[in-house]
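Trainee: What follows is the residue order along each chain.
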Amino acid sequence: MILDDGREAPARVYLDHNATSPVRPEAAAALAEWIDSPAGNPSSLHAEGRAAMESMEHAREQVAELAGVPGGSLVFTSGGSEAIEAAIRGVCDRAPSGLRKIVVGAVEHSAVFGAARAFTSRRFTVEEVPCDRDGRVDPDRFLARLDRGTVLAVLQWANNETGVLQPVKEVGEGCRRAGVPFLVDAVQIAGKKPLGAAESFADFLALSSHKIGGPPGAGALTVRKGIMLAPLVHGGAQEKRRRGGTPPLPAVIGFGAAANACLDNLKTESGRLLKLRARIETQLRELLPEIRFHGQAANRLPNTVNFAVPGIEGEMLAIGLDMAGFAVSTGSACASGAVEPSHVLQAMRLTEEEARGAIRVSLGWNSTLEDVNRFLSVLPVQVNRIREARR
Amino acid sequence: MKGTVAVAMSGGVDSSVAAAILAEGGDRLVGFSMKLVDQLAGEEERYGKCCSPDDFRDARLVAGRFGFPHYTLDMEDEFRRFVLDPFLDDYAAGKTPSPCIRCNTFMKFGSLLGRARAVGADRVATGHYAILEPDPVSGRTLLRKAVDETKDQSYFLFDLSEEQRRHILFPLGRMTKKEVRQRAEEFGLAVASKTESMDLCFVAEGDDYRSLLARERGPEAVKPGEMVDREGNVLASHDGIGRFTVGQRKGLGVQGADKLYVIGIDPGTDRVTIGTGDDLLSGSCVIDRVRWIPFEKPSGPVQGTVRIRSTHEGAPATITDHGDGSATIRFDEPQRAITPGQAAVAYDGDLVLGGGWVRNSS
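Those protein sequence lines, which keep their order, are chains A and B.
First residue of the first sequence? That's 1 in full-length UniProt numbering, and the numbers climb one at a time after it.
First residue of the second sequence? That's 1 in full-length UniProt numbering, and the numbers climb one at a time after it.
Simulated from the structure, these hints should not be mistaken for lab results.
Possibly wrong hints are sitting among the right ones.
[What the hints assert, rightly or not] Which chain A residues stay away from chain B? Per the calculated CB distances, all over 12 Å, these:
#1 98
#2 284
#3 389
[Said to hold, decoys possible] Derived DEER-like restraints, expressed as beta-carbon distance ranges:
#4 B:81 / A:41: 57 to 65 Å
#5 A:133 / B:81: 54 to 62 Å
#6 B:176 / A:12: 35 to 43 Å
Where is the CB? At the ideal position from N, CA and C, for every residue including glycine.
With the rest of the complex left out, here is chain B (with noise of 0.2 Å):
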């Protein structure tokens, strides 16, 4: 007999759908919410649109209406360690973080994937667009792009081991958008028409991260600095380098501005360093913690088509893991903009083959 199946339900379209997917397939399910923070202890929206009481009594509904037990779970201090304080620390550190990638790993499919194991459920099922599946030569768990690219999060999901991949379903992976509103229509989930959540769910609306910042770790960790150019003249002044990430062009407050970017961030300094469009190319970068997914090691220079954030179309590479959990990634052609504390993630056509964290580029 198959175990059971716990579901990660956010209250939204996908998830619900996904769990109704599964539920019509039969699978006993068991379904679960995650507050990672408390919308309730203080103003309105405190952070962004994540775990409004409104979404979880929206999953709570869905799991109703399909006859399987929900649970909203208190998360709060595993998010605060494993993704916000973190988030944080890049900031502060000028570097740009990636938090919805740290949230899979280790809050959705991994500590969640631990509770469920808690209560007999082997494996979590997530609304994600992406697509798991065996290889029958390695034996290992492969990850493919949703068949659906406009919805792909197959970026956001590349850290994680062999071990969760294993234990993970991803029901909506060969679905559209379009067919999945489809099916809340014709399950007559009252979510159908939910707005989409947003990538930085726990940032509110309109707010920038120097105040997020400022109301989680004080005032005093968000210093004002200088604007300079390459030669070191100072141009403006800024007030916190939690504000800017590599690349970013609006915003600046410097003349002539439209054909400026931030090409670096001191943290030591907080100096803020502005230069053109070819300032921002580099060649090369080299990545931390890499993890390869269709293989544990690769024997040599692995080719690939490598994404340096969530919106890069991606570029032919050469990627050298150096056996030190470290990595060089050698692009064909300068890339604009290879920016710290993101990730760099490597496809062969759909196929995701692994990647890292951008330490640094040349």
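If we strip away everything but chain A, and leave its shape as in the complex, we get (with noise of 0.2 Å):
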């Protein structure tokens, strides 16, 4: 693009990786191949089929492997939402009548929420478990509403807005005392710090192509050995009768493809986004003094970061910032476009209004040091022209 004075406009700095990461390279890569490729059923019996067949049982190592557990537990599905609610409604529709009540985070995902509160016209009951200031929720607390009744426990590991990470091992290892199944809400922390051998304590995880640099339109849900889950898609035979339907093989391997860039160099990215961070933070409380940010005393992703200005609304710094050639987000999008106040700041006792001026950046594999620099120097000017307007 060429500005109206003849420069040529800067590339546009994209941060919002919690939102969407843009198609790695290496699943752009594996995409190109598949188009390229014969492209058979992965049901059929010819070599188009076997082929077609190899490629999603490649892409399903490589997403077992991000994930911790072995392949075969592994269950493709058109999305992280869909994978929430295969769990959820897998584990309740095929509930004994005796067990009605799911316990859940405050701060998860509206994939958990709408999923569970579906099943309140059944007569179950959904249990929010309260979070502290920073977003945490205590372990203890957590367990502590786990009863003879209770059907379900789902706990996000990472928040999709603060970054904030979960006790989920803790409450993990109690739920399973308890013999409660625990689906672990994975999506945001896949690809941004090492998952470990999470079969030890979740009984589902759940994960999502396009937020690890994968295309969008697949997602994919772990089931522990031994757990049955009724399916959501009936359809055929597909995945083992877990969910019918022909995969979306394009982005099943494309999926596959970025998990397997994320593991190639967890450990040093994810330190590299952790500086990357480390350095928005410090030089924000800098510029503006007077800045908040949210869940800072929590432990939290390496890539996050949730603050407000007090007196600037989240939504006007948002759409400057757009103008000026930057991705951010306020929260949570809403489908008409415009801005509801985040249920995970408000369940963190913010107030509407401290809520509304919330502003996430969240940085990944194409973020650079100039994108963090450019970000720093635009910011305090966007901040200071809706000061002025308001005089």
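Two chains, two separate frames, one set of hints: put the complex together.
Mentor: See the structure below:
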């Protein structure tokens, strides 16, 4: 793009990886390879079908390795929301009549709330475990909610808005002692921090392709061996009868390639992002001393910063930044494009007005020091303009 | 270098063509749609035709077509405060409100103009049919009727301050509706054949204000009362003053009503007074919150053609400003149904002189 004064406009700076991470080159290459392939149906007996099946199973191993589970336990879905819905519905649909309580964290993604609340019409109850002001759910308080009537426990590993990490290991171990199935929403943490042997405490893990630099349209649910799950999509016998329908092969193959790329340098990449995040936080504190960081005292993802400048509406700041070439987020996007105050920040005891001030910056695989520096130079300009407009 | 222009986009044909014309002219644009009511919160079309997600999508597609950014702004709280609540207050007080004027003054050219400035845009453009032009002598910004008198919206724009008028663009002011539709076709805008939005866009079709009042303020806000004649004889009962307006003839539920009109509404006693056409005539009225446009204050009585509602053609009158924000309008001939809550707007030919809000008539 060329500016009015003839200079070339600087490239845009994308700082919204928690919404969608751009497709990694490795995933793009895998997609291109699929397009040029004979593209059979993985269920077919012929050579084209077998080749498709092999690519799909290769992708399954790649994603399973990122999730830290055996390949055979991983079911491909259309995305993170479907993975979460499949676990919640799959467990609740099969639940014996005495088990009617679903215990969830207060700052879960709407995919969890939506799927769980849909069961309230069938006399299930959804109990939310509150978090502290930094967005942390206390494991003991969570476990104290489990009882003989609890059918399922759900906790996110990392929050999409604040990056705050939850004590999934302690909670998962407690759930296992109590005999309660435990679903971990790993959509945001996958590819950003090593997951280790999650199977030792989680019965289900939900993952999403487009959050890790794969194409949208694929997700995965890992199901611990021995757990029976009613399928969400009945259809045919695909995915060992756990998810009917022909899998979205290009998305699945891209998902695998992105997972593999994440795993390749997970530790160094995590350290690199942490440095960039630290730079954003220390510099912003200097430039705008009144700034407030949300979830600051908690352990967080290395890529996520959530802040507010008192008196500045997040929506206007995000719009100003967008017009200046920077993509950030105010919180959860809404279908109509309008912004509702975040339920996550309100659960962290922010007032509605404080929550409306929130800006989320989330870094990713293509974020550079230059991106961060340019962001730091433009943010105070935008803040000042909003202040002046009010005078 | 000229600054960025913020275009208020409803998703309709007028604002879409306004945006397209500015884009074609090389202006740097940003599009805004205002979400004033939450249509998704309740049953379908709870608030009439206003602010449907499809409209926002249409607006966004037009912006995308011309390569400028578009945002939907959540302005529900401000709309409630500046337009919806005063609208309901007026009905509860037996007045006939004019919410479109307040929506222009406080929303499009108030809150929205403020937000435009926050993102570096110094002017707001809309698809209104009216003309704004600088007066080389006084330096003030004059408001004139649109070239297409059948579409003219200057009446609804009288209450803008000089500071507001200075920062507004009406690209359609010198075009006819037919030309606008033609331009929409030429631009290939999918909205070219969309139906017109109506006044009171936030009131559902077939709905009356009673149900809106009851929904927003609770059922106790709608109280039954009596219909009386000028002598106080009870003719009938009614189930809420909110459905009546001075000058109304239809739906009175009184025998021989085709020659009878509402001539008065008393919110204190919930009484609606019925009378003949002659009872509706008055020769003068007092207006409040007076706004003058070509000048700050007149030096003496002002002669002009005054419209007492948006559908009124206008009648010759003399306006005397009392200097305290109020003024008296004396019409050369008595006028029918001068209604409290409506705006009286004075013209000299196509030039808007100013206006104010009707307090009472005599």
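Trainee: So which of the earlier hints does this model not fit?
Mentor: Result: hints 3 and 5 break, sorted rising.
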